[in-house]
Each structure stands twice: as structure tokens, then as C-alpha cells.
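**Q** Now for the letters of each chain:
2 protein chains.
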Amino acid sequence: MREVFQQELREVQDRLVEMAEFVENAIENATRAFNESDVSLAELVIADDRKIDSAALALDELAINILARQQPVARDLRIVVSALRISASLERMGDLSEHIAQLARYRFPEKVVPSSLRETFHELGVLDVAIAKKLTELLRTEDLKLAEEIRNDDDRIDELHVGVFDAVLGETWKGAAVDTVDSTLASRYHERFADHAVTIAKNIQYLATGEFSATA
Amino acid sequence: MREVFQQELREVQDRLVEMAEFVENAIENATRAFNESDVSLAELVIADDRKIDSAALALDELAINILARQQPVARDLRIVVSALRISASLERMGDLSEHIAQLARYRFPEKVVPSSLRETFHELGVLDVAIAKKLTELLRTEDLKLAEEIRNDDDRIDELHVGVFDAVLGETWKGAAVDTVDSTLASRYHERFADHAVTIAKNIQYLATGEFSATA
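Residue numbers (our numbering), protein chains in the order written: chain G, 119 to 334; chain R, 119 to 334.
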């Protein structure tokens with residue numbers, strides 16, 4: 119029984135890693151579509167979000183099924199409950215990737231953000247992709263050094279996010295309303311994506327250390 | 119044992135209702151602070167968000183505790199797992215109320231949105247408050263008619279949300295960049311608030327009918 123349970127926990131973990139890989143792919147394509155105004159890549163991201171949603175539903179069913187059959191306690195129970203939370207966060211990260219891709223599609227053939235902010239959004243995209251890759255590795259290896267790196271990357275993203283608002287609200291801003299709207303939303307989506315990664319990282323740290331931390 | 123368990127489920131439900139009441143209060147004050155530029159009310163909402171966060175943490179601990187001790191199966195298990203999900207959504211609704219209040223505080227003593235959009239935001243606020251009240255009642259009574267009403271209110275909110283973008287991107291828009299940013303974010307926060315309520319309503323419908331529906 120115990121062995122079956124351990125095998126099922128590995129199955130949960132494998133599925134979380136797989137979901138994280140889908141998300142990694144989504145944010146990689148979304149930020150490229152966004153930065154390069156690649157409308158077909160944007161459409162791919164939008165279509166593929168269903169895969170992430172289905173994976174989340176399937177994983178939740180598996181987790182509930184394990185709770186019902188194995189009735190885990192203590193740390194094992196926390197692992198299964200955490201899997202439900204992590205799955206919800208990954209699902210939202212998929213949605214946010216989709217939102218970034220949608221901005222690229224709406225504005226096509228125009229670029230989404232004005233040239234003065236393109237470098238900032240390039241860096242935001244690079245950081246979100248890096249965070250997604252670290253998250254996949256964190257889920258695979260439970261190496262807590264990666265959780266720390268994700269928090270640091272998120273701090274830099276928060277700085278860039280504030281920088282976008284400073285630029286848009288600054289006296290030298292020449293953007294039209296559409297540029298202001300797109301920059302505001304895009305910055306928010308990039309920032310929320312990273313927030314969810316931090317929430318997942320905290321969940322994993324909690325499992326490893328037993329210390330509870332608010333699910334920001 | 120069974121009776122203790124039923125009592126614990128009622129405790130979970132009572133706490134969810136209490137959290138929903140906190141959220142109702144938060145969105146009521148946040149939208150009033152937003153519409154009337156009431157900075158002290160905004161600060162109250164911001165300070166009170168901690169109560170919602172603590173309530174969410176406490177509820178999650180209780181739910182995990184019940185899973186560990188009672189090892190529920192079938193419908194009982196679904197109820198406890200749903201409580202975890204509902205608590206997470208309520209916590210986010212509290213955050214979004216806080217974000218709306220923060221916009222009011224940032225712009226004080228100015229109003230957050232230009233006069234041309236004030237009526238729209240008034241209606242968005244009224245609808246979010248109505249949704250929060252219906253959600254509290256839905257959690258208390260499990261009257262599925264309320265779930266349906268929440269979905270309908272959300273449809274109207276989506277229309278208004280699109281209307282804000284149409285206004286901001288229209289040719290007659292005279293707002294400064296700060297108005298564009300605030301209107302974009304505020305509209306998004308109002309809309310996300312309602313989305314979470316719909317997600318919770320779907321959770322409750324699912325518990326009642328057994329039919330699974332994607333967690334938006």
C-alpha cells in the first residue's frame with residue numbers, strides 16, 4: 119500500500135513537472151510573439167492554453183482520488199494538498215501567457231509597446247521565461263536554491279514593473295492611449311506570472327521546511 | 119465520529135461565510151473609496167486585508183486538519199477540497215478590493231477616473247458589491263439560483279469592462295496617461311473580482327450537482 123502511494127505521489131510530481139513544461143513553452147512563445155509581433159505564434163499559445171487547463175483538471179482529479187483512496191496524513195497529506203495549489207497557480211500562469219499572446223494578436227501588425235519600452239519588456243520576458251524554467255527544475259528536483267533564485271528574479275520584475283508605470287506617467291511619455299493601455303496590461307501580466315511562480319516556490323519551501331508562508 | 123465530522127464541516131462553512139462577509143465589506147468600502155476619493159476609507163480597506171489573509175490561512179489549516187483526522191471520502195472529501203479552493207478565491211477577492219482602494223489612495227486628492235467614465239465605474243462597483251453579497255448568501259444557503267445570478271451579473275461586468283477599453287481607445291478620449299492607466303487597471307480589478315466569484319459559484323454548483331466545470 120505504502121509503495122503504491124509513493125508511486126502515486128511520483129505520478130503527481132511528474133504531472134506537475136509536465137504542466138510546468140507546458141507553461142514554460144507558453145511563456146516562451148508568448149513573450150516572443152509579443153516582442154516580435156508574431157501573430158501565428160500568438161495564436162499557437164492561445165490554442166495551447168487548453169492543454170494546460172485539461173492537465174490542471176486531470177491533476178486535480180488524480181489528487182482528489184489519492185486523498186480518497188490513500189487517506190494520507192502528515193507530510194504526505196500536505197504534498198497532495200500542495201499539488202492542488204500548485205496546479206491552480208500553473209493554470210493561472212498559462213492564462214497569463216495567453217493574455218500576453220492576446221495583446222500581440224490584437225495589435226498585429228503593429229507592435230504592442232512603443233520603442234521606448236521595448237527593452238524593458240524584453241527583459242521582463244527573459245525573466246519570466248527564466249522563472250518558468252527554474253520552476254520546472256524546482257518541481258523536478260526540489261532544490262531550494264532555485265526557490266531563492268525565483269524570488270530574486272521576481273524582485274527585479276517588480277522593479278521593472280514600477281519602471282513601466284514611471285515611464286507611462288512621466289512627462290516625456292509620447293505614447294497614444296493604446297500604448298498606455300497595452301503597456302499597463304502587459305506589465306501587469308508579466309508581473310502576475312512571476313508572482314504565481316513565487317507562490318509555488320513558497321509552497322515547495324514549506325513542504326521542505328514545514329514553515330508556513332502566506333500564499334500571496 | 120460522523121457527527122463530529124458534520125460539525126466540523128459546518129465550522130468550515132461558517133468560516134467561509136465569515137470570509138465572504140469580510141470580502142463583502144472590503145469591496146463595499148473599496149468601491150466607495152474609489153468613487154468618492156475617500157482616502158481614509160481606502161486605508162481601512164488596505165489595513166483590513168490582513169484579516170482576510172489570516173482567515174484564509176486559518177481556514178486552510180482547519181481543512182487540512184480535517185482531511186488528516188477524518189479522512190473523508192466521496193462528497194465529504196469534495197466539500198473539504200472545495201473549501202480550500204473557495205478560500206483561495208476569497209483571498210484573491212480581498213486582494214483585488216485592496217488594489218481598488220490603493221488606486222484611490224494613490225490619486226488622492228484627485229478622483230481616480232475622469233468624469234466620462236465615472237458612471238461606468240459606479241455600475242461596476244455596484245455589481246461587484248451585489249455579487250459579493252450574493253456570494254455570501256450562496257455560501258450560507260447553497261441556493262443555486264444565486265450562482266446563476268452571479269454569472270449574469272458577471273456577463274454585465276464583462277460588457278462594462280469592454281466598454282472601458284472602447285472609451286479609452288476611442289477617438290473622443292481626452293484623458294491623460296494617468297487616467298488611461300487607472301481606468302485600465304481599475305476595470306481589470308473589478309472584472310477579476312467578479313471572475314473569482316463565478317469560479318466559487320461553479321465550485322458550489324459542482325458540489326451540488328456533481329458536474330465538473332473548469333476553474334476559469
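Among the clues, some could well be false.
Copies of one chain are not kept apart here, so a pair can be met inside one copy or by any two copies together.
Claimed, not checked - In silico BS3-like links for lysine-lysine, alpha-carbon gap of 27 Å or less:
#1 Lys292 with Lys229
#2 Lys263 with Lys169
#3 Lys320 with Lys169
#4 Lys292 with Lys169
#5 Lys292 with Lys320
#6 Lys320 with Lys263
#7 Lys251 with Lys320
#8 Lys292 with Lys263
#9 Lys251 with Lys292
#10 Lys251 with Lys263
#11 Lys263 with Lys229
#12 Lys251 with Lys169
Derived by calculation from the structure, the hints in this document are not laboratory data. In this text the structure is predicted, and so the values were computed from the model without any measurement.
**Q** Each hint should be assessed against the structure and marked as holding or not.
**A** Tested hints:
1. Lys292 with Lys229: both (15 Å within a copy, 23 Å between copies)
2. Lys263 with Lys169: Answer is neither; intra-copy 29 Å and inter-copy 32 Å both fail.
3. Lys320 with Lys169: Classified as both; 25 Å inside a copy, 21 Å across copies.
4. Lys292 with Lys169: Intra 40 Å, inter 42 Å, cutoff 27 Å: neither.
5. Lys292 with Lys320: So Lys292 and Lys320 fail the 27 Å test inside a copy (40 Å) and across (44 Å) alike.
6. Lys320 with Lys263: So Lys320 and Lys263 pass the 27 Å test inside one copy only (12 Å; across, 38 Å).
7. Lys251 with Lys320: Answer is within; shortest intra-copy Cα gap is 16 Å, inter-copy 32 Å.
8. Lys292 with Lys263: The answer is neither: 42 Å in one copy and 49 Å across copies each exceed 27 Å.
9. Lys251 with Lys292: neither (35 Å within a copy, 43 Å between copies)
10. Lys251 with Lys263: within (14 Å within a copy, 44 Å between copies)
11. Lys263 with Lys229: So Lys263 and Lys229 fail the 27 Å test inside a copy (37 Å) and across (45 Å) alike.
12. Lys251 with Lys169: within (18 Å within a copy, 34 Å between copies)
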